[in-house]
Amino acid sequence: MTEEEFFDINGNTISLDCQSHSEFCKEFTVSVPKLSLRKVMNYTCAVWLTAYAVFFATDNTNVLSAAIIVTLVGMMLHLHFVKIDHESMLIIGSLGIQISASYASGRESTSFIEMSKVKDIVINEAIYMSSKPRLNCLEEVYKSCQDILGQS
Amino acid sequence: MLLKIFFPQCCKGADSGLLIGRWLPGHNSAVVLAVIHFPFIPGQVKQYLSQLQSLTQVDLTVLGSWCKPSEGQEGVQSFLKDLSTIFPHGRWLQLSNEKGKKCFSCQVNSRDGKVIESGDKEDQGDQVICIHYDQCKVMLSQLHPAQGGILNPKTELSELRLVFQTVSQSQALFYIDKYDEGPFKLTHWQSEGREGSILVELSKQASVPVCLVLAWLLSIWYWVCKSRILNLWPMRFVSSKLYSCIQLSHRAEHLQTISMPRKAEDHTEFMRKANIFVSFLVDMALGLLLISWLYRENRIRRLADTLVPVADHIAEDLQELLKWLMGAPAGLKMNRALDQVLGRFFLYHIHLWISYIHLLSPFIGMILWYVGLSACLGLTFALSVLSDIVALLTFHIYCFYVYGARLYCLKIYGLTSLWRLFRGKKWNVLRQRVDSCSYDPDQLFIGTLLFAILFFLLPTTVLYYLVFTLLRLLVVLFQGLLHLCVDFINSFPLFAMGLRICRSYRLAAGVKFRVLEQEPERPLHLLMEINPLTYSAVLQWYRTLTYSCYPKDSWGVLCKNLFIGELIYPWKHKNIKTD
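Just so you know, the sequences run in chain order A and B.
My numbering numbers the first residue of the first sequence as 1 and each following residue consecutively.
My numbering numbers the first residue of the second sequence as 1001 and each following residue consecutively.
Don't take each hint at face value.
[Unchecked claim] PhoX-like mimics (lysine-lysine), calculated; alpha carbons at most 25 Å apart, straight line:
| # | chain 1 | residue 1 | chain 2 | residue 2 |
| --- | --- | --- | --- | --- |
| 1 | B | K1154 | A | K119 |
| 2 | A | K132 | B | K1512 |
| 3 | A | K83 | B | K1154 |
| 4 | A | K119 | B | K1512 |
| 5 | A | K117 | B | K1185 |
| 6 | B | K1137 | A | K143 |
| 7 | B | K1099 | B | K1137 |
| 8 | B | K1154 | A | K117 |
| 9 | B | K1512 | A | K26 |
[Said to hold, decoys possible] A short list of chain A residues far from chain B (calculated; beta carbon distances all over 10 Å):
| # | residue |
| --- | --- |
| 10 | T29 |
| 11 | S36 |
| 12 | V40 |
| 13 | A53 |
| 14 | F56 |
| 15 | T58 |
| 16 | T61 |
| 17 | N62 |
| 18 | V63 |
| 19 | V70 |
| 20 | E114 |
| 21 | S131 |
[Claimed, not checked] Derived contacts from chain A toward chain B, CB cut-off under 10 Å, selection only:
| # | residue |
| --- | --- |
| 22 | E3 |
| 23 | D59 |
| 24 | A67 |
| 25 | E87 |
| 26 | I92 |
| 27 | I113 |
| 28 | N124 |
Derived by calculation from the structure, the hints in this document are not laboratory data.
Since we're looking at a predicted model, the values are computed, not measured.
Beta carbons: idealized from backbone N, C-alpha and C, even for Gly.
So that you can see chain B by itself, here it is in the shape it has in the complex:
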């Protein structure tokens, strides 16, 4: 069996001492975490190790000795060999870095002093592989399994995952640096002095009061939302239909996630909080940019001034359309009476709508000015308000679509059932199938009459239905685009992407090995580097869950609904499942 030793690159130039690390359970390998230098008292070392063991839940032991001979230190090797009797071990590693050679040699002794493995090929027994790794990067990195699945499984850990876990859990070992007045000196990645950044420390200190303030604000918001006025049925119905209210509640949930004052427990939670925070900041920044653009040169006033003429223009276009339908549209001959009825009915609606808009027109400027200010809550909120404004302005199109669809739907129902009567059949509700039925001559007569009437009125209804469905689909498409943009801004993991670009070793898809210089009679030396995650994998793992709107039905069902005349609501809002 091959023995694998994971050796940190920072310890390559260390002075002689003892190797501290862990034997990986279930695999024939060892991870070296640090080197303890002389002078030390073995009893103190054992005490320190047991202290660390209880702190970090990692079973640290003395793995062996590390020898770097320099002038005036002959006999170090035999001294180190004698140390193996003091510390309990199953196998004792002896690594020595000779001058003038690039790789170090390794010898493994069992408990009774017999050599069981060595770097020489000639000895009996098998060989040793030395795998060099960058301790700082491996400590901070997070391994992602290739085919999805859980990020940090608790059981069935592979060898590499065990290595990563060992190094990241032993952070307490890396706190002692060479400037400490402790009983012994350690060499690890932080032994030159602990690193820190003022900004990070300041933000850590500031985060707790900020979280508390946020939590308090959110509690006020939730209290307002639950108050009795807003819980009456009309308000609840309106707020469930308005896209801006949905977006607001979504953002409030996000804020609740990040306003918890306790530290994130595991990697997933930390990334989620960071992503939400960064996305929130960017959203606000873009919103403020939008405000500065809108309010400079009084653009919003000009927008408000053009709003009423645009609404008027739409209404007039619709009137023209109806007048065209009431005539002979595209050369088709309509049923005069029905045409006039429907046309006048819709024209009256448009007349009502125009008067309503004209009633509101003096207030629209002011309303829009204040609504524009709400963009400071974020670009997503501004877009959702825009979507709601579009929905309100095209409300008459929605109404017309509903009327046309209902009429068409009734007509189709009538036609299908009378068609069955025409052929002498009936729909059996009990058996849910079509059965033959004998009708009276009176019934047949009236049925056939009605069928003929409905059938000849069909083209007119179909035309109205088609025209208004097309208009409605246009509006729905535009709204869908806006919703897609908002969804994109909500769910894009900006922090994870930034991490992948700047600190790519923190998100690891795996590792890659490189063979270092090979020398004869030395064990094989490999360099283990971190293979960062691909961008598409980053998106897949860290996409924030949102109430993404996706098409509720497939194309087939949509077409069928269009044909029958059922009302279509193509976008469905998925509720976020909180986990």
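Here chain A stands alone, though its shape is the one from the complex:
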């Protein structure tokens, strides 16, 4: 079980964790740093100050409640649908490859591809991966995967 630090395309640190359960079964996990408190406070303050300014101008209390509801709902939606906690790839020789993304609210979205449908693994443009790692991180994963694919 080895853990290394890499950078993603925006310059934030991400960590790659390789776990080798057996000769033909490996799991790679890319973890993204958690939501920073400072960002949350900034956004909330911005939204609420704007709402207060509008309330000051129009004297309508509904604006304030609307702002609170918007902040709460927006935060929940962001955590549930947008903020990735970690992405992992589990490769099992002669069975298949499983790719799963786990979100900050605990939701996991998984997809499993059977080995009969897999011809080869290639490095495609990383803009499709939500954690956006750089090439060196992907190369590590690629090398290990090719070993297992070659075996089965």
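Knowing the structure of chain A, use the given hints to seat chain B on it.
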């Protein structure tokens, strides 16, 4: 090559015995379905297996032995090894669950006793993967292929699909539980006793007579529809135009699907029947709710009382509009004579319409009261009746639109052909193109005259056409909205959605694996769980086919038709293709 063994979770704590299952053809894997315990007579076991094979079309065999040693049962392992000589096999699996360890070990022997695979890494040969699965869930689940396609293909089955198919087809194996007085004891997911629900059994018993009654009612309905009175041309024409009749026939078709007394053959048919049934029930419930709301406090009487004044109001507004057009609308100067002709023509129509409404007004209350009762047939029917009422009340707008459009269309035709004459050209019908042509001076003179007349009358016609087209489009939009609502209620798969929320394992998009605790010198153990379908995929797979109304033409064609003056019917009803 790796050997994969699919092992049910319920058998993990079972006593020692023999493993019953199937070797998957074409893949290096085996599915364990149950464990037979001692004491048993090998001959009886073989007989039972061949019986099951003919019943379920699944080639069940004895895969190997399962050993769970407890106190006072030493030597079980060697006893089990000797059993391998009695049952015919290509490979013999030996799984043993030792005390104190979480995972069990596995050893595979070939026919002549040589060890070909084992859990140890040091031995020659390759390794074994043990995949644990939840037998009940896998049995009930239905795999959906990722990119559309057929739900249950017969050929080229992948490994996972074979596993699912094996477990779901071996239902007969799971009927024997530990309370049976049979010759041997089995362990599988139902061995603690068969599960059942009283409601489900009662509804199964009740469904056959209900289906028969429904089928009889439907036959009466179809006989009535085919009778001679209703097959005369005017009735057929009216019923093809009225939206409520279309909706009724659609619902009758649905009822026919669910009133067949035989059981659904495959998953698609079962889901379709269930969706139609649930949607029908919800529809009726909503319709009854609507009735209770309408008839409480006599709201329907009040609605009927406001209907005639509203129709009057619309007619008066139209009259005002026409009077405005007959004057100088928006400051434009109209051709007086044509303006007066068209205006008076339309005004007379409105006058006829108002008298007609006033003639009907004493009966409208009663008609509406009875029509309101028809909402008990479902909310969709009530909405379609509303759409028809709107169509009837705005019939004069439709007529005006047709007159305006026809006039405009003729004018445009005349103008285009006279314009060609103006330039000395002609439309060649044979060659379908414009050719030059030499005209007589008389022809040219009359042609130019007519062209000038038509051209100067154009603004008036255009104005009338524009106004009535806009009104007609408004009505069409409102009707389209109602049709969309009805379509939505018709086609939304409520049962499939409910299944996805409550029993998500029954609709599977795929599987997901999790690595269980790894111990040294033991084969790799994985847990296979069912990955449920996403909600959008559920909608895509199980949407009931309806005669959905979709725009017949693209925006470009629509605009072109508007410009030329062709009559537009933007919604087209698609006929359902029965499969």
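Discussion item. Flag every earlier hint the structure violates by its number, smallest first.
Written reply: Result: hints 3, 5, 6, 7, 20, 22, 23, 24, 25 and 28 break, sorted rising.
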